[in-house]
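Take a look at the letters that make up each chain.
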Amino acid sequence: MSSIMELRDVTRCFDSNTVLDHVSIKVEQGSFTALLGASGCGKSTSLRIMAGLDRPTSGEVLLNGRDVRGQNAYERNVAMVFQSYALYPHLTVAQNIALPLTMRHLSNLGRMPLLGSFVPGATEARRTIMNKVVDAAKSLGLEELLDRKPGSLSGGQKQRVALGRALVRDPALFLLDEPLSNLDARLRIRMRSEISSLHRLTGKAFVYVTHDQTEAMAMADQIVVMIGGQVAQAGSPRDLYERPVHRDVAAFIGHNAINFLEPGDGINVGDSIVGLRPEDLTPNTAGSLSAKLEASEYLGSEIMLSLRSRRGTEFRAIAPGDYIVPTIGSDIRLAYEPQRVHLFDAVTGKRKSGVKHEAVT
Amino acid sequence: MKLSLEKRQTLTNLWLVGPATLAMVLFIFLPVAIVAVLSFTDYQFGAKTFNWSWLDNYIKLFSSSIGRRAITNTLIYVAVVIPFSVGFGLLVAMGLFRMGSWAPRFSNVLKTVYFLPIASTLVAMSVAWQMLLHPSLGLINQVLVAFGAEPHNWLSDRGLVLYTLSMIGVWSSVGYNMILFLAGLAAIPSELYDAAEVDGAGSSWSRFWTVTWPMLGPTTLFVMVITATNAFRVFETVATMTRGGPAFASDTLVYALYREGFVYFKAGYASAITMVFFAFLLMLTLLQFWVIEKRVHYK
Amino acid sequence: MKPTFISRIISSSFLVAGAAVILLPFVWMLSLAFKPRDEIFSTSIQLLPSRLEWSNFIFALTETNIPLFLWNGTVVVLGILVFQVMFAVPCAYALTQRRFLARKLIFGLVMIALMVPFHVTAIPIFLGFAQVGILNTYWALILPFIPTAFGIFLFRQFFAQLPSDLFDAARVDGLSETAIVWRIAFPLALPAATAFAIFSVTTHWNDLFWPMIATTDPNLATPPRGILYFRDEESGDNVGPLMAAAFIVTAPLVILFLMAQRKFIQGLASGGIKG
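Sequences listed follow chains C, Z and X, in order. Here the first sequence stands for residues 1 to 361, where the numbers follow full-length UniProt numbering. Here the second sequence stands for residues 1 to 299, where the numbers follow full-length UniProt numbering. Here the third sequence stands for residues 1 to 275, where the numbers follow full-length UniProt numbering.
Some hints here could point you the wrong way.
As the list claims (entries may be wrong) - Across the chosen pairs, the derived CB separations fall in these ranges:
hint, chain 1, residue 1, chain 2, residue 2, range
1, Z, 76, X, 75, 37 to 43 Å
2, X, 16, Z, 76, 29 to 35 Å
3, X, 78, Z, 50, 35 to 41 Å
Note that these hints are calculated values from the structure, not bench results. Since the model is a prediction, treat every value here as computed from it, not as a measurement. Backbone N, C-alpha and C define an ideal beta-carbon position, used for all residues, glycine too.
Input sequences plus hints: build the corresponding full structure.
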């Protein structure tokens, strides 16, 4: 349908340094978009430009189809969650969550500590705000903490407060800048599902910046992979996994790093680079690819095999958990399904489509 | 009509930075420029016109006995205050620092006492000093007499008055230097003392020369410059106790600038005194920046 | 450990003796303030008064303008502080948390202004105030100290340490830059503000130079200026009340210092970087 946020051909330069290079990103209404990339790839800058905290050097920023380059963050009515949580240390949890509402619903005078209560409507406004704060706190399990200061909260609690602050104001769009990267691994997995359910609950579009492909794959319905200030590929997680348009994207996506085999490694398709994921490569005595077994890691449900091709390229394959591992150093044969093979141009790294490959034995 | 975002941003910056910048220009930069210009004129407060006198004011300041007096007095004052104030400050700081390990409470009480002059009103304390140094009623002369010594006219003896003021200057600044030295001492890692002891520097005397003194070197430089900058501005004690007298024996640059400018209304001449005072302080401030830089690098 | 014991005795007695010298004028001031008239003007050694004579304090507080001087001092000191903060904090905030063209230039101006002692600007400011006709007003005592390069510098150092995410979050939450300055930045800078307030208040409460120039009206005298008026009027006759007055004038800051020593020392020591 219509896109809620769109960056159209956005370039951002800091002095002589080009951080974003003709970036176009479309965020659909109600979608969960992940901006995925290594640090310095421009994903955070894209988010800041969406938020209105930064301005493009050239290109357009559309919110609901309208150009919002002339609007600051507040006028765009977007909510943002920061990696460092950015909670106001001198305010209580309740005040932190209430602040965006206070700014919106109370006049300058009404915000004054004592005088404020005499301003007409201020008392009601205050009550509505308090109700909303309590609601948000309840949905995040923060009721007990409302009177505490951020300094006394754990990382996970701080993260919830930051989410609560974004949640209360009913924004057009949620922007999240690596919100989980400061949490420990177990908490991260729990917060992941909480954020997903918040997304379902609000029905609003989420834009989520992360360098962790697992997070992106788990939560997003659209992933935008950014490399070197450019959008390398945008698509559904399945698209990206199954049809990466570039060898760099292929290298980024997937729980197990993809193997790249060069001509002479056993799978020859002209001068193309062959990309084959470890999970698509299994030991099979009838297999067409042979390699020397160098090491094996038993992981319970599966066994990770480290191999070396005839030409000396290291690569990995996954065997089922009941596979009987031959002695290290012996040659084994591996099989794969031809449609699982990704071909990339050796020079540009771009995906080659339509070229049938033939295995050489 | 709504202004564009860029214009609004510019207005915001102006609104945040403008008042302070304007005030700085109005009350600091403009006056400095004016005082520099005035120092080349014979302007008098209240006069309608002035003449360019070029270097006359400066020549007068450096050649007249009164002018030279103010400069040399200030330099002597600074030269006396620096070693005593810095030296005592260091000794007190080292003493209190060591006492802190076996009598922390008492050490803190003494620290408070030494800092007391910094927190009190110097003019009020000068009035008290004046009574303490009173030729007949003052405690100091009374004690001297009781021990059979000569009483002195501490504040009206031409040969003595400047040194009396210097000692009061030391009294008022030693606590400040102590604080700076205490900070410096606290920053010395105690392992250095252990290392020195292992290396054979066992006595407190040799520990001082192998560890404390070299580590405090940059702090000491810094403290000296700060003491000098403050001593150069000596005014309150002079204005309260001696008014530069007797016979200009305790005249200093700032007091001379006050007297010439605001008692005799010789704005031009007073401006020249101001410029000379400023030049001295600028040199010290530049030295201070250099020292701070050095201290940072040392750490 | 006999040697340490002895060295401790020696060094503590030196420290105590030094402290006694430091305290001497305070003791003498209080002693004279409490001494009856005849004991003040006796030439025999008497460190402490034989009885506490409160009349000197009563005289200073009722028969002289000391209460007025204290009031003047309070108005001037608080006036200066409020304006200094109002001007310096937004400027320091913009210098650290916003990017604009003149930023470096303005910070350069601040660093240069830091090197200019107030005495240098006295003559032109006096001339200007005479022109405008505001000599002998509270404004004459307050205005020249509003631009505080030192304050801007101090707050700038503090704001520079705050994470910029915090201010971005505030912008997203709908705070104007002015609101960010006063609702976020300033409350967070309270430690720096306290240090600065202590520095500013002691400096201007104790200042004699500018009040002597800018005012000739005894009714506008700040405490130090007032003490001198009082002393010169009484021409050395009324030593007891004079000492009581001197004590009353210096007491507020000393009491404040004794109550909040750490803050005080921190505040006044931070003045060290000021030229």
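We went through each hint and held it up to the structure:
1. Distance hint for residue 76 of chain Z and residue 75 of chain X: a CB-CB separation of about 39 Å, consistent with the stated range 37 to 43 Å.
2. One distance hint, 29 to 35 Å for the beta-carbon pair residue 16 of chain X and residue 76 of chain Z, holds here, with the actual separation near 31 Å.
3. Roughly 38 Å separates the CB atoms of residue 78 of chain X and residue 50 of chain Z, a value that falls within the hinted 35 to 41 Å.
Every hint, counting from the list given before, is met by this structure.
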